[in-house]
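Top to bottom, those sequences are chains V and S. First residue of the first sequence? That's 22 in my numbering, and the numbers climb one at a time after it. First residue of the second sequence? That's 6 in my numbering, and the numbers climb one at a time after it.
Hints were generated in silico from the structure; no laboratory data involved. Watch out, some of these pointers could steer you wrong.
To be verified - Computed Cβ-Cβ distance ranges for the label pairs, DEER-style: (1) P91/S - T127/V: 55 to 63 Å; (2) Y218/V - V24/S: 22 to 30 Å; (3) C39/S - Y218/V: 29 to 37 Å; (4) F25/S - D75/V: 36 to 44 Å; (5) G43/S - E175/V: 24 to 32 Å; (6) P93/S - A135/V: 54 to 62 Å; (7) G169/V - V27/S: 36 to 44 Å; (8) G40/S - K70/V: 40 to 48 Å; (9) A174/V - T42/S: 25 to 33 Å; (10) R157/V - V24/S: 49 to 57 Å; (11) P72/V - F90/S: 40 to 48 Å.
As the list claims (entries may be wrong) - The calculated lysine to any residue pairs, modelled on SDA-like cross-linking and capped at a C-alpha distance of 20 Å, are: (12) K70/V - W90/V; (13) K70/V - Y167/V; (14) K70/V - A46/S; (15) K70/V - E131/V; (16) K70/V - C64/S; (17) K70/V - E66/S.
Claimed, not checked - Covered stretches of chain S (chain V as the covering partner; in silico rule of three or more C-beta atoms under 8 Å from a C-beta of chain V): (18) 46–54; (19) 76–89.
Glycine included, C-beta positions come from ideal geometry on N, C-alpha and C.
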Amino acid sequence: MPTRTWYDLAVGIITPGFSGRPRSGAPDLPPGQYLTPDFPVLSAGPTPKVPRADWEFVITTETGTEYRWSWDEMMSLPQETPTVDIHCVTRWSRLGTSWQGVSLDTLLEEVETAADYALAHSYGGYTTNLPLDDLRDGQAWLVHTYDGDDLPAEHGGPARLLVPHLYFWKSAKWLRGIHLTIEDTPGFWETAGYHDYGDPWREQRYQGD
Amino acid sequence: MTALPYVDGNMLDGPMGEVFAVDLSTATGRCANCGATGPVAALRVYSHAPGLVARCPTCAEVMVRLVRAPDRAWLDLRGTTFLQFPMPPSGDGPLAQP
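Next comes chain V alone, as it looks inside the complex (with noise of 0.2 Å):
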């Protein structure tokens, strides 16, 4: 048994060990992960208020120029209900959770760049980056139901990002915008020693990983 630290106290969890190789035996869990029945809320600050009515999304290029959407904007375009696992950092998994949302590739369809990175940003302040290419060819949405229902602000509602193949850190809550960039640029999480990249099935936790 590992030592307990404050981190797994953060969590209210004993988790399965830091340093311990993947003990169960489920095949659909990346190595250190645990499933989890609930769906746990994370946060880094205060849960923004964001109304419909103000909200929009704005994709910024390297060269400045912005592409926005209103609420309803948004919710003209072509609609998809990705069933997805996800992943989180501090080891809990679920499997099979249902969304509704725009995928990255409508969004980015008329956008002229050519950027390699993304860097997320929420109201509240929150950022995380990635590789542009990890927003495409289906794997990345701008999410704003889940499980049939209105996305909870505490889990990032009114809409969120969901990358589901990156550790769910890189999901941004209260998606407000991204900016495409040449160089990468590390985000809220990145600056603070977790990785720019963040592959739950390579375990890249922190940098260096």
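Starting from the known structure of chain V, fit chain S onto it as the hints suggest.
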């Protein structure tokens, strides 16, 4: 049931005591964003997160971030202008008046 979204800065004593050799419970800090100065114990600490995030009670900006990996820790104080600690009197220092 709604849990408090944050706890007070007293919870930083243990985790930051891993990094600092001084007693944080009596330390004072100044927010780099709004300039408010007050005890570390009064910061609002969001701990249900991949790390600890301590925010200014006046303007809510981030003052301290602490991430703990199994074998490493990262401390980000860019939101803190200074931390002030009470120290035992050191006798005639360079600032002592004649």
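Structure-based check of each hint:
1. P91/S - T127/V: 55 to 63 Å: This hint holds: roughly 58 Å between Cβ atoms.
2. Y218/V - V24/S: 22 to 30 Å: holds (27 Å)
3. C39/S - Y218/V: 29 to 37 Å: holds (34 Å)
4. F25/S - D75/V: 36 to 44 Å: Because 42 Å falls inside the window, the suggested range holds.
5. G43/S - E175/V: 24 to 32 Å: Holds - the Cβ-Cβ distance for G43/S and E175/V, about 28 Å, lies within 24 to 32 Å.
6. P93/S - A135/V: 54 to 62 Å: Hint holds: Cβ distance 60 Å, inside 54 to 62 Å.
7. G169/V - V27/S: 36 to 44 Å: violated (52 Å)
8. G40/S - K70/V: 40 to 48 Å: Since the Cβ atoms of G40/S and K70/V sit about 26 Å apart, the hinted range of 40 to 48 Å is violated.
9. A174/V - T42/S: 25 to 33 Å: Once the Cβ atoms are compared, 32 Å apart, the range 25 to 33 Å for T42/S and A174/V holds.
10. R157/V - V24/S: 49 to 57 Å: Violated, at about 40 Å.
11. P72/V - F90/S: 40 to 48 Å: About 44 Å separates the Cβ atoms of P72/V and F90/S, which means 40 to 48 Å holds.
12. K70/V - W90/V: Holds, because 19 Å separates the two Cα atoms, which is no more than 20 Å.
13. K70/V - Y167/V: holds (17 Å)
14. K70/V - A46/S: Distance ~27 Å between K70/V and A46/S Cα, so the pair is violated.
15. K70/V - E131/V: violated (30 Å)
16. K70/V - C64/S: holds (17 Å)
17. K70/V - E66/S: holds (17 Å)
18. 46–54: Answer holds; 4 residues pass the 8 Å Cβ test.
19. 76–89: holds (count 4)
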